[in-house]
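Q: Chains as they are written, first to last, in my numbering: chain V, 1 to 245; chain D, 1 to 107.
Hints were generated in silico from the structure; no laboratory data involved. The beta-carbon is built from N, C-alpha and C at its ideal position, and this holds for glycine as well. It cannot be assumed that every hint is accurate.
Said to hold, decoys possible - Per label pair, the in silico range of CB-to-CB distance:
id: 1; chain 1: V; residue 1: Arg108; chain 2: D; residue 2: Lys69; range: 23 to 31 Å
id: 2; chain 1: V; residue 1: Ala178; chain 2: D; residue 2: Lys56; range: 41 to 49 Å
id: 3; chain 1: V; residue 1: Arg24; chain 2: D; residue 2: Asn46; range: 18 to 26 Å
Said to hold, decoys possible - To spell it out: a stretch of chain V is covered by chain D in this simulated footprint if at least three of its residues, at any positions, have a beta carbon under 8 Å from a beta carbon of chain D; those stretches are:
id: 4; region: 15-28
id: 5; region: 104-113
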Amino acid sequence: MTSTPASASGDPQNLLAATRSLTRRVRRDQRSAWLPLLVFAVVTFGAIPFDRYGPHHTHCAAESGGREICRAYGVLSLWYWTVALLLAYAVIGWFYLRRSNERGIGTRVQPYLAVGAALTVLTIAWALWSSANPTSLHAISNPGSPGTLVDRIASPEGAIGLALLLLAWIERDWVLAAVTVVYLVVAMTVVHHTRLAAHSASLLTHLAHPDIWGFLPRLLASGAVLLAGSLVVALAHARRQRPAG
Amino acid sequence: MSEHPVNGLDDVVHQRVRLGILAIAQQARRVEFTYLRDALDLTAGNLSQHLTVLEKAKLVTIEKGYDGKRPRTWIELTNAGKKALRDEVASLKSLIHQLERRSPRQP
Numbered sequence: 001m002t003s004t005p006a007s008a009s010g011d012p013q014n015l016l017a018a019t020r021s022l023t024r025r026v027r028r029d030q031r032s033a034w035l036p037l038l039v040f041a042v043v044t045f046g047a048i049p050f051d052r053y054g055p056h057h058t059h060c061a062a063e064s065g066g067r068e069i070c071r072a073y074g075v076l077s078l079w080y081w082t083v084a085l086l087l088a089y090a091v092i093g094w095f096y097l098r099r100s101n102e103r104g105i106g107t108r109v110q111p112y113l114a115v116g117a118a119l120t121v122l123t124i125a126w127a128l129w130s131s132a133n134p135t136s137l138h139a140i141s142n143p144g145s146p147g148t149l150v151d152r153i154a155s156p157e158g159a160i161g162l163a164l165l166l167l168a169w170i171e172r173d174w175v176l177a178a179v180t181v182v183y184l185v186v187a188m189t190v191v192h193h194t195r196l197a198a199h200s201a202s203l204l205t206h207l208a209h210p211d212i213w214g215f216l217p218r219l220l221a222s223g224a225v226l227l228a229g230s231l232v233v234a235l236a237h238a239r240r241q242r243p244a245g
Numbered sequence: 001m002s003e004h005p006v007n008g009l010d011d012v013v014h015q016r017v018r019l020g021i022l023a024i025a026q027q028a029r030r031v032e033f034t035y036l037r038d039a040l041d042l043t044a045g046n047l048s049q050h051l052t053v054l055e056k057a058k059l060v061t062i063e064k065g066y067d068g069k070r071p072r073t074w075i076e077l078t079n080a081g082k083k084a085l086r087d088e089v090a091s092l093k094s095l096i097h098q099l100e101r102r103s104p105r106q107p
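Isolated chain V (complex conformation):
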């Protein structure tokens, strides 16, 4: 048995419009992306002392042409990023759960947390593999090869950015999406510039006379974009929450 579409409960167009309006309201009430951005800004700035004072391991191997390829990574920095990013996702999950209980509305943030944690593990695995196999990395990282793109993305900044894109889609938050794209462009550009030096065979010379603050522009630029993004997203959410009129 079915009712007529033009019943007292409304015509089909009004019903669909009301349903979409409710869905938009729920999405608006669920949005809390300013917090992940803020947490990752803190994590990024927190990496500075680990990069500056932590020990660095260098793996070198000879190419078939006889040239020696070296790759260095900060041991303490690597562990810092692993622990800090996983802790960050735990904090974000706890925050969303608490907010969900307060507001009486659940969220669908679990896929974001799962993908974020998985990308963190993959990034660390890539860092360890590429450090242990500098010649393989050099072979696949020729300009224009897919390996170059993988090497750019497989950084903590890349992992954070890709997971944030997923969160932007889950929350249908175009402000967050725009902030994330800006973050990825800035982070990938600066990260790539920094990492090219690490691919160079003259790295050992650099290590003999290391630029001890060479990592700083990368972390400052990434952290600043995240911090500014957190502010922009929070303001955009507050503006949407304010009742019209």
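Since the structure of chain V is provided, determine the placement of chain D on it from the hints.
A: Okay, now just chain D, sitting in the frame of chain V:
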């Protein structure tokens, strides 16, 4: 001959408030009673009646508990509820499409 979209409408779901409950629960994974009451602008008694209808049809589950000393009632969509909502929205869209195709011919 294809079935008319009106036949796809379900009496339980094809109602403004109940469709609203399902839409919110679908988007939120789970939703608290007071959020639904405020979002749909209903009295507690009215909302309870609609929830009872949906629960009897096995479209939602209702879980009562406490957050400290504060009583909380959480509503969650079942798989049947998700399907019912999907079917209803598809039927409504189909109906609108048919109505829009016919309307230019009518004076």
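Q: Would you mind marking each hint as holding or not holding in the structure?
A: Here is what the structure says about each hint:
{"no.": "1", "hint": "Arg108/V x Lys69/D: 23 to 31 Å", "in the structure": "holds (29 Å)"}
{"no.": "2", "hint": "Ala178/V x Lys56/D: 41 to 49 Å", "in the structure": "holds (45 Å)"}
{"no.": "3", "hint": "Arg24/V x Asn46/D: 18 to 26 Å", "in the structure": "holds (23 Å)"}
{"no.": "4", "hint": "15-28", "in the structure": "holds (count 9)"}
{"no.": "5", "hint": "104-113", "in the structure": "holds (count 5)"}
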